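Each protein sequence line maps, in turn, to chains A and B. The numbering used here numbers the first residue of the first sequence as 1 and each following residue consecutively. The numbering used here numbers the first residue of the second sequence as 1 and each following residue consecutively.
Hint data in this document are derived by calculation from the structure and do not stem from the laboratory. Note that the structure is predicted; figures quoted are calculated from it, not measured. Using N, Cα and C, we set each Cβ at its ideal position, and we do this for glycine too. Every clue listed holds true.
Pulled a few chain B residues facing chain A out of the computed Cβ check, cut under 7 Å:
1. Gly206
2. Leu236
3. Phe239
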Amino acid sequence: METGLYALQRVSAMIMAPLIVVHLGIILYAMRGGLTAAEIMSRTEGSVAWALFYGLFVVCAAVHAPIGVRSVLREWTPLAPRLIDAAMLVFGAALLVLGVRAVYAVTGGWS
Amino acid sequence: MQDMTEQETMLEVAIWRGGADGRFVTYEVPLRANQTVLDVVTEVQRRHEPALAYRFACRVGVCGSCAMTVNGAPKWTCRTHVKQVAATGKITIEPLRNLPRIKDLATDMTGFFEKWDRAGGRFRGSATRHDEPARVDPASRQRQYADAGIECINCAVCYAACEVVAWDDAYYGPAALNRAWTLVNDERHAATKQTLADASDRGGCGNCHSQGSCVRHCPIGLNPTRSIAGLKRMSLLQFVGMGR
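If we strip away everything but chain B, and leave its shape as in the complex, we get (with noise of 0.2 Å):
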C-alpha cells in the first residue's frame, strides 16, 4: 500500500481542448514508474476531464490509432514513456499536424486514408481461392524492397512530420506512397503499373523533397523516403521504357 505521507511528484500536462479554434488546458497528474503518455491522457480523462476526446485501441503498438503530438514531436503515444520526453517535469499535448481537428486530440484521417487509396494502395490479386498460393521467394530483391516497408501501421506519424504535407495538400504523404512501394514490389499484385502510375502522378512520389522526417519520426523505424526513392527510380525506369 502507497505510504499516504510521501509527497507525489506531479506531472503538468498541457493538452489541446476543442477544435481548430481550441486553445490549452493545462492538467495536473502524479508521476509514476513506467507511464506512458496515453496513461497520462487516459488518467486526465478518468480523473479530470470526462469529455476528453482521444483515440486509441491496442495500447501496444500495433493499431497506429493514438498518434498525437508531443511537445512538439509527432508520437504513438502508447510507446512513449513519459520520461523519454518530460525531462521538464511539463508536457505539451496536441492532435497530430496536417489533420484536420475534430476534437480534443481527435483528427480527422479521412483524407489521410483516401490519399492512401489514390496513391494505388489497395492490393488486387490475380490468384482465386481454388488457386495454390503463391510461392514467394524471401530472398528476392523484389519481396526485400516489400518487407522494408511492410510492417506499417499507419499511424500517420509520418504523415504529421511531413514538411511537404504541410505545403502541398495534393501530396499523398510518406505512408501512403510507402504502402504503393510495397504493392508495387509484391508479386501477387495484379495491377503493378496501374499503382505505380497512381504514385507518381499530381500528388505522388516526384513531390518527395527526400527530407526525411518521416524517417526520422517513424515509431517502427521504417524509411519511407527510400521507398519513394524507388518509386522515383521505377517510375523513371518505366518511363524511358526500361521497367519491368
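The shape of chain A in the complex, shown without the other chains (with noise of 0.2 Å):
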C-alpha cells in the first residue's frame, strides 16, 4: 500500500504543477481587467471545459493532501497509525466533496 499511496502522490503533484500555473494565471489575467463576479461566472457557467479542469484539479487535490498530511501526523504525532489513516480518509472525502461542490456551484447549469 505504501509504494501505491507514493506513487498517487507523486502523480497526483505532476498532475497538479500545470493546473495550478494555469489556476494562478487564470487569476492575474482576469484580475488585471478588473472582472465582476458576474462577469467570471457568464464565462464559466455551463464550460464543460472549466468543469474538467477543476474537476480534475480537485480530485488530485483530494488525493495529494491527505498522504501528505498522513506522513506529517505519522512524525509529529503520536496517533496510531490507523486512526490517522482513517481520518485521512475523512479528510480525503471532505476535500473532494467541498471541491465538487465549488466547481459545480461555478461551472454548473450545463446540463
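Please dock the two separately framed chains into a single complex, following the hints provided.
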C-alpha cells in the first residue's frame, strides 16, 4: 500500500503542477482587467472545459493532500497509524465533496 | 623520556554516565599528539573510571562498533582525532542518538539490526556450493550501484543523524535501506522482488525526506540518500509494471 500511496502522491503532484500555473495565470489575467464576479460566472457557467479542468484539480488535491498530511501526522504526533489512516480517508472525502460542490457552483448549469 | 617539568596541556572531557536518566561527568586527560576520541575514552576508563561502559573492537574503522556522539555530532570515534573536534580544549561524548541507552556510552543496537532485517537486508542465494561462482561484470550499471553502497560498516552513525528516524519509530533508517539497495542490485540475490517489497513497505524508502544528514555524517563517505532514491525509483517502476 505504501508504494501505491507514494505513486499516487507523485502522480497527482505532476498533474496538479501545470493546473496550478494555469489557475494562477487565470486569476492574474481576470483581475487585471477588473472582471466582476458576474462576468466571471458568465464565462464559466455551462463550460464543460472549466468543469473538467477544475474537476481534475479537485480530484488530484483530494488524493494528494491526505497522503502528505498522513506523513506529517505519523512523524509529528503520537496518534495510532490506523486512526490517522481513517482520519485521512475522511479528510480526503471532505476535500472531494467540498471541491466538487464548488466546481458545480461555478460551472453548473451545463446539463 | 618525558620532561617532568613540562606542564601537560589537559583536555576537558564531559562523558555521559548512566542510562536514559544519567548525567554528564567531566574528566581531565592529557592532550596528546595523534590522539583519537576513542583513545580519550579508553584513557578515562583506565585511569579515572574503571566502570565506564563503551563499545569498540577493531580501532581502525572497520568494525563499526565505536560510534558515539561527539560534540553533538555522530562520529566513528576511532578515526576521529581530538584535534579535529576539540578546538576549544573541551569535548562532550554521549551515546548515539535514536537508540536506547544501556549504560554510559553503550546503546542497545537491537532495533537497528532488526530494522536492517525487516528492510529485506538478508542475502538469499540461488546457487549451491557445487555451482560455478557467479560471473558479475564489474562495469555493469547494476554492479556499480551495488558497489557504491557496499562498504557500509553498520556503525549506525547515519541512523543517529537521521531526523526521520528521530520522528518516526517505524522508519528503517539509511543503513538498512542502503543495504536493501545493494541487494536488489546484486544479480546473485534470489529474492530481489521480496527485498524491494520489504524496503518500500511501511517503514521503508517512501519515508525519506532526502534531507541528507546520512550523507553528511557517513564516516566512509557513502550516499545512503542516493541509495534510497534508487529504491523509490525502482519501487515506482515496479508498481506501474515497468520493473525489471
